[in-house]
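First to last, the sequence lines map onto chains A and B. Each residue of the first sequence is one higher than the last, beginning at 0 in numbering that gives the first Met the number 0. Each residue of the second sequence is one higher than the last, beginning at 0 in numbering that gives the first Met the number 0.
By construction, these hints were calculated from the structure, which means they are not laboratory data. Be aware that one or more of the hints could be misleading.
[Stated by the list, open to error] One side only, chain B facing chain A, incomplete, derived with CB under 10 Å: (1) 58; (2) 71; (3) 225; (4) 348.
[Said to hold, decoys possible] Every beta carbon over 12 Å from chain A, so not counted as near; a handful from chain B, in silico: (5) 80; (6) 93; (7) 95; (8) 99; (9) 111; (10) 188; (11) 210; (12) 219; (13) 234; (14) 236; (15) 282; (16) 326; (17) 347.
[Said to hold, decoys possible] Label pairs and their computed distance ranges (CB to CB): (18) B/70 x A/351: 23 to 29 Å; (19) B/336 x A/351: 42 to 48 Å; (20) A/204 x B/155: 35 to 41 Å; (21) A/340 x B/216: 42 to 48 Å; (22) A/337 x B/340: 29 to 35 Å; (23) A/543 x B/340: 43 to 49 Å; (24) B/93 x A/479: 42 to 48 Å; (25) A/171 x B/164: 53 to 59 Å; (26) A/101 x B/93: 38 to 44 Å; (27) A/317 x B/69: 26 to 32 Å; (28) A/139 x B/164: 32 to 38 Å.
Positions of the beta carbon are idealized from the N, C-alpha and C atoms, including for glycine.
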Amino acid sequence: MKNRKPREKRASFYDAHFYNILDYFILAVLVAGVLIFILYPLLCMIRQSFVGEEGFSTEVYKSIFSDNLLLVKNSVFVGVLSAFFSTILGLLVSICVWTAGKKPGKFLEAILLISMVSPPFIASLAYIQLFGRNGLITKGVFGLSLNPYGWLGVVVMQTLFFSSLNALMIIGMLRKMDMSLVRASFDLGASSGYTLWRIVVPLLKPVLLSCFLLSFIRSIADFGTPVVIGGRFETVSTEIYMQVIGYSRLDKSAALNVLLLIPTILVFILYRYLMQKNEKVISGNSNKTVEAGDTFRVRGLSAMVVWLGAGIFFVMMTLEYGSIFLNSFSRNLRGKITFTTMYLDALLERNMDTFIRSVEYALIVAIVGSMIGILLSYYIERRKIKFGGVLDFIITLPYMLPGSCFGIGYILAFNHEPLKLTGTAVIVILNMIYKQMSITTKASASSLLQISTELDAAARDLGANKFLVMKDVILPNVKQAFATGFINNFTSAMVTAGAVIFLVTPGQKIAVFTLFDCINTGRYGEASMIATFIIVITISVNVLFSIIVAWKGRKKRVFRTEKHK
Amino acid sequence: MKKMKKFAALLLAVSMAAGMVACGSSDKKEETTKKEETKKDDKETKKLEGTLKVVTTGDAYQPLFDKFTEEVGPKVEFISMSSGEVLSKLKAEGGTPAADLWFGGGIDAFMDAKDNNLLEKVDFDAADELAPEFKDSDNYWFSKGVTVVGFIVNNDILKEKGLEAPKSWDDLTKEEYQGEVLMSNPAISGTNYAVVNALLQTKGDEEGWKYFEALNKNVDYYSKRGSDPSTKTAAGEVGIGITYINGTLDELKEQADVDVIYPSDGMPYVPEGVAAFANADNTEAAKAFIEWFFSDDENMKMMAEIDKNNTCLLVKPSLKGLELNFDKDQLMKEDLSLFGSKRTEILDKWSTLMGDKGEE
Numbered sequence: 000m001k002n003r004k005p006r007e008k009r010a011s012f013y014d015a016h017f018y019n020i021l022d023y024f025i026l027a028v029l030v031a032g033v034l035i036f037i038l039y040p041l042l043c044m045i046r047q048s049f050v051g052e053e054g055f056s057t058e059v060y061k062s063i064f065s066d067n068l069l070l071v072k073n074s075v076f077v078g079v080l081s082a083f084f085s086t087i088l089g090l091l092v093s094i095c096v097w098t099a100g101k102k103p104g105k106f107l108e109a110i111l112l113i114s115m116v117s118p119p120f121i122a123s124l125a126y127i128q129l130f131g132r133n134g135l136i137t138k139g140v141f142g143l144s145l146n147p148y149g150w151l152g153v154v155v156m157q158t159l160f161f162s163s164l165n166a167l168m169i170i171g172m173l174r175k176m177d178m179s180l181v182r183a184s185f186d187l188g189a190s191s192g193y194t195l196w197r198i199v200v201p202l203l204k205p206v207l208l209s210c211f212l213l214s215f216i217r218s219i220a221d222f223g224t225p226v227v228i229g230g231r232f233e234t235v236s237t238e239i240y241m242q243v244i245g246y247s248r249l250d251k252s253a254a255l256n257v258l259l260l261i262p263t264i265l266v267f268i269l270y271r272y273l274m275q276k277n278e279k280v281i282s283g284n285s286n287k288t289v290e291a292g293d294t295f296r297v298r299g300l301s302a303m304v305v306w307l308g309a310g311i312f313f314v315m316m317t318l319e320y321g322s323i324f325l326n327s328f329s330r331n332l333r334g335k336i337t338f339t340t341m342y343l344d345a346l347l348e349r350n351m352d353t354f355i356r357s358v359e360y361a362l363i364v365a366i367v368g369s370m371i372g373i374l375l376s377y378y379i380e381r382r383k384i385k386f387g388g389v390l391d392f393i394i395t396l397p398y399m400l401p402g403s404c405f406g407i408g409y410i411l412a413f414n415h416e417p418l419k420l421t422g423t424a425v426i427v428i429l430n431m432i433y434k435q436m437s438i439t440t441k442a443s444a445s446s447l448l449q450i451s452t453e454l455d456a457a458a459r460d461l462g463a464n465k466f467l468v469m470k471d472v473i474l475p476n477v478k479q480a481f482a483t484g485f486i487n488n489f490t491s492a493m494v495t496a497g498a499v500i501f502l503v504t505p506g507q508k509i510a511v512f513t514l515f516d517c518i519n520t521g522r523y524g525e526a527s528m529i530a531t532f533i534i535v536i537t538i539s540v541n542v543l544f545s546i547i548v549a550w551k552g553r554k555k556r557v558f559r560t561e562k563h564k
Numbered sequence: 000m001k002k003m004k005k006f007a008a009l010l011l012a013v014s015m016a017a018g019m020v021a022c023g024s025s026d027k028k029e030e031t032t033k034k035e036e037t038k039k040d041d042k043e044t045k046k047l048e049g050t051l052k053v054v055t056t057g058d059a060y061q062p063l064f065d066k067f068t069e070e071v072g073p074k075v076e077f078i079s080m081s082s083g084e085v086l087s088k089l090k091a092e093g094g095t096p097a098a099d100l101w102f103g104g105g106i107d108a109f110m111d112a113k114d115n116n117l118l119e120k121v122d123f124d125a126a127d128e129l130a131p132e133f134k135d136s137d138n139y140w141f142s143k144g145v146t147v148v149g150f151i152v153n154n155d156i157l158k159e160k161g162l163e164a165p166k167s168w169d170d171l172t173k174e175e176y177q178g179e180v181l182m183s184n185p186a187i188s189g190t191n192y193a194v195v196n197a198l199l200q201t202k203g204d205e206e207g208w209k210y211f212e213a214l215n216k217n218v219d220y221y222s223k224r225g226s227d228p229s230t231k232t233a234a235g236e237v238g239i240g241i242t243y244i245n246g247t248l249d250e251l252k253e254q255a256d257v258d259v260i261y262p263s264d265g266m267p268y269v270p271e272g273v274a275a276f277a278n279a280d281n282t283e284a285a286k287a288f289i290e291w292f293f294s295d296d297e298n299m300k301m302m303a304e305i306d307k308n309n310t311c312l313l314v315k316p317s318l319k320g321l322e323l324n325f326d327k328d329q330l331m332k333e334d335l336s337l338f339g340s341k342r343t344e345i346l347d348k349w350s351t352l353m354g355d356k357g358e359e
């Protein structure tokens with residue numbers, strides 16, 4: 000025994016040395032990934048705006064502000080309205096779910112999760128079909144003839160889209176809230192309405208603000224909604240779309256992207272600042288997961304407000320998904336709606352391989368993307384590496400810009416040696432991974448906050464090196480973040496069209512591309528069928544994955560408590 | 000967890016390696032096809048290999064591509080893209096296109112691509128049989144047919160409003176049709192660009208622009224997809240759509256009480272291009288396809304059946320057994336060379352005049 004000890008020490012010395020190198024190596028790979036696959040393509044895209052007929056030119060910038068002032072105003076106008084209303088609606092929905100009691104709450108949350116899977120364009124088309132001039136509801140039920148096109152339509156649709164994510168974010172916050180404050184309020188004789196608006200909502204202020212800012216960014220970058228229902232109303236994003244699709248002017252679209260970056264960067268700085276404040280609120284009381292349902296019921300006027308808001312949301316979602324589903328199985332033959340399986344047949348015959356490919360890509364994106372995201376957030380948030388803020392900013396950029404710009408950037412960056420990736424599956428997958436990276440890093444950052452820093456310190460004191468701390472202390476505890484990252488990455492890889500439209504080449508069609516194609520050629524029935532399939536597949540995989548994670552987690556916990564005994 | 004990380008690293012490494020290999024092998028493919036090409040003499044064994052990657056306008060051409068694979072050899076993979084997307088993508092790719100053949104799309108985009116040296120010259124015997132106005136004089140692009148433009152009207156909507164169906168382009172500007180006309184943005188829709196260009200040529204610049212300003216009063220907004228005017232007219236969102244006339248309208252006739260109208264004062268048209276991309280992975284296969292397609296009448300007839308229109312007869316007048324479903328004289332007189340050269344100028348003027356920047 001005595002002889003062994005020094006040997007063991009030496010081994011652990013080499014071990015430590017090795018692990019430290021490994022630690023730096025992983026960091027280097029991660030940083031290189033971000034620089035090569037986010038920063039470099041974006042720089043290539045921006046460089047394009049300075050390419051004139053003969054070399055360097057600032058021609059497009061000369062008139063970009065004066066020409067597009069109105070578009071910027073429109074973007075900001077719609078952005079502010081959509082962000083405001085979607086935050087309010089998200090709040091009402093989340094309170095409704097939170098206070099609905101266990102079973103109804105679960106049911107409403109399930110609808111909420113489904114509404115996160117929203118294939119592009121198809122929801123706006125469903126909305127026109129229901130509420131347009133010849134809409135099934137406006138004309139069919141109420142006999143009205145409304146014009147759905149214009150800024151109001153864009154605001155309504157974006158409000159509905161963004162409310163889902165906002166509501167989920169707020170629910171997460173509500174569950175972490177210290178319920179003793181609520182009880183104290185009741186004990187002091189406050190009404191439920193007073194408690195809700197004066198105690199609960201003020202505590203949510205940071206998350207409400209970040210919902211607002213996130214929705215604002217999403218609205219500004221969104222081109223799908225205004226393209227379908229904007230009518231004459233144009234934004235910077237639709238103009239970028241026009242410049243790429245209509246005029247093939249890469250320089251102008253690049254310059255417009257730079258223009259779009261200005262409000263986005265301002266919002267990002269604000270967001271970071273607010274998130275730091277937000278963290279303080281959460282870290283005060285981390286491990287309380289209490290449903291309000293049993294102790295807290297909203298009554299009176301407040302209940303009416305909450306139920307009205309949430310009711311509108313859930314009814315609209317049901318209508319939207321119902322009509323997508325109905326469209327995929329029916330045809331309107333001169334006013335008579337008849338059942339058909341022709342779209343299903345067409346899909347089974349032609350498009351099955353695109354679905355298989357989609358799922359393959361999405362799984363890779365979900366697994367690899369989540370792991371990279373968690374590691375990145377560990378280094379940035381936990382280890383506070385130098386320039387972590389800058390790195391985080393770069394990671395956030397692709398999420399904030401219209402997809403087409405990140406796609407064109409990828410083609411520009413990777414169309415030649417040494418990194419010739421155009422035409423391969425790799426470029427599509429990498430693009431999907433890095434486009435959504437910021438969501439994973441944000442989710443795992445908040446997971447990391449739940450792990451006390453004292454745990455790291457304790458492990459370090461016991462002789463663990465940085466790598467082992469990461470491997471044995473941090474990683475087992477960010478399972479939730481991995482699950483969030485996986486689901487978000489998988490979903491967005493299945494439904495996001497923006498960048499992929501440019502990167503997909505013949506022989507690599509994926510489902511969302513076919514969907515886009517069907518919509519462009521006016522085959523809405525087929526498009527609805529594809530959308531239905533995408534929704535069903537995505538939700539099945541997500542549910543399956545959640546079950547596996549929950550099941551594995553339970554097993555582990557049992558094992559641990561036994562060990563402690 | 001370590002395993003997972005290793006797996007991730009491995010996955011990245013493998014995927015990158017796969018990317019490199021894929022690029023490398025495509026080069027090799029080119030070499031082999033070149034070698035095959037040298038053996039061209041004995042026609043019986045002439046079978047090309049590899050894959051032909053096609054950018055086209057819809058997935059209906061599958062049977063035609065299957066026939067090509069059967070008779071000539073290369074497997075065909077295709078995706079659909081609008082001409083604008085194709086051009087943007089080509090420009091971004093910096094001379095290394097991801098596809099070999101471009102099959103369908105407004106001819107102005109092909110002219111633009113030729114001017115930017117993005118197309119490959121394709122010489123073949125049957126090229127002489129093609130009508131000279133529908134092909135590039137240097138054989139950089141050809142046409143597979145033409146898209147003809149007319150109106151689609153929704154009879155229910157018109158009846159409801161007590162309106163007669165318009166008969167001509169001049170009818171469209173009548174005050175009674177206010178808010179009832181839908182047209183696509185000409186920058187996005189090749190069809191509607193043809194309308195603008197052709198009417199400007201027919202009426203002359205001054206009268207032409209006056210016409211569009213008058214028409215603008217009847218158009219609520221310009222849609223951003225070429226298919227919108229026909230589908231939205233059928234859906235009853237508007238009474239009149241300015242649309243391409245082809246087989247897809249037949250399906251709309253089943254769904255709603257719509258009629259197709261050939262304007263009495265002439266129909267604008269735009270040729271649908273075919274070309275091989277320069278510097279592509281498998282240029283030989285693309286060239287082979289073009290030669291194969293135009294040389295054998297059966298191939299063109301098959302396409303006519305898929306498209307449900309016989310306009311390839313205009314392109315190759317010697318085609319037997321087909322008949323045009325409209326009078327050739329109904330087509331507007333167009334100088335097609337102006338389609339490419341005037342595009343930017345026309346679209347710029349369009350967006351200023353039609354307030355398409357959202358002024359309100």
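Hints versus structure:
1. 58: 7 Å, holds
2. 71: Because about 17 Å separates residue 71 of chain B from the closest Cβ in chain A, which is outside the 10 Å limit, the hint is violated.
3. 225: 8 Å, holds
4. 348: 13 Å, violated
5. 80: 8 Å, violated
6. 93: Per Cβ check, residue 93 of chain B is inside 12 Å of chain A; nearest 5 Å; violated.
7. 95: Incorrect as stated: the minimum Cβ-Cβ distance to chain A is 5 Å, not above 12 Å.
8. 99: 8 Å, violated
9. 111: 7 Å, violated
10. 188: 9 Å, violated
11. 210: Correct as stated: the minimum Cβ-Cβ distance to chain A is 20 Å, above 12 Å.
12. 219: 7 Å, violated
13. 234: Violated, because the least Cβ-Cβ distance between residue 234 of chain B and chain A comes to about 6 Å, which does not exceed 12 Å.
14. 236: Residue 236 of chain B not clear of chain A: closest Cβ-Cβ about 5 Å, inside 12 Å.
15. 282: About 15 Å separates residue 282 of chain B from the closest Cβ of chain A, which puts it past 12 Å; holds.
16. 326: The assertion about residue 326 of chain B holds, with a minimum of 28 Å to chain A.
17. 347: 9 Å, violated
18. B/70 x A/351: 23 to 29 Å: 27 Å, holds
19. B/336 x A/351: 42 to 48 Å: 45 Å, holds
20. A/204 x B/155: 35 to 41 Å: 53 Å, violated
21. A/340 x B/216: 42 to 48 Å: 45 Å, holds
22. A/337 x B/340: 29 to 35 Å: 49 Å, violated
23. A/543 x B/340: 43 to 49 Å: 57 Å, violated
24. B/93 x A/479: 42 to 48 Å: About 43 Å separates the Cβ atoms of residue 93 of chain B and residue 479 of chain A, which means 42 to 48 Å holds.
25. A/171 x B/164: 53 to 59 Å: 57 Å, holds
26. A/101 x B/93: 38 to 44 Å: Taking Cβ atoms as reference, residue 101 of chain A and residue 93 of chain B lie about 58 Å apart, which means the hint is violated.
27. A/317 x B/69: 26 to 32 Å: This hint is violated: roughly 49 Å between Cβ atoms.
28. A/139 x B/164: 32 to 38 Å: For residue 164 of chain B against residue 139 of chain A, whose Cβ atoms are near 25 Å apart, the range 32 to 38 Å is violated.
Of the numbered hints listed earlier, those contradicted by the structure are 2, 4, 5, 6, 7, 8, 9, 10, 12, 13, 14, 17, 20, 22, 23, 26, 27 and 28.
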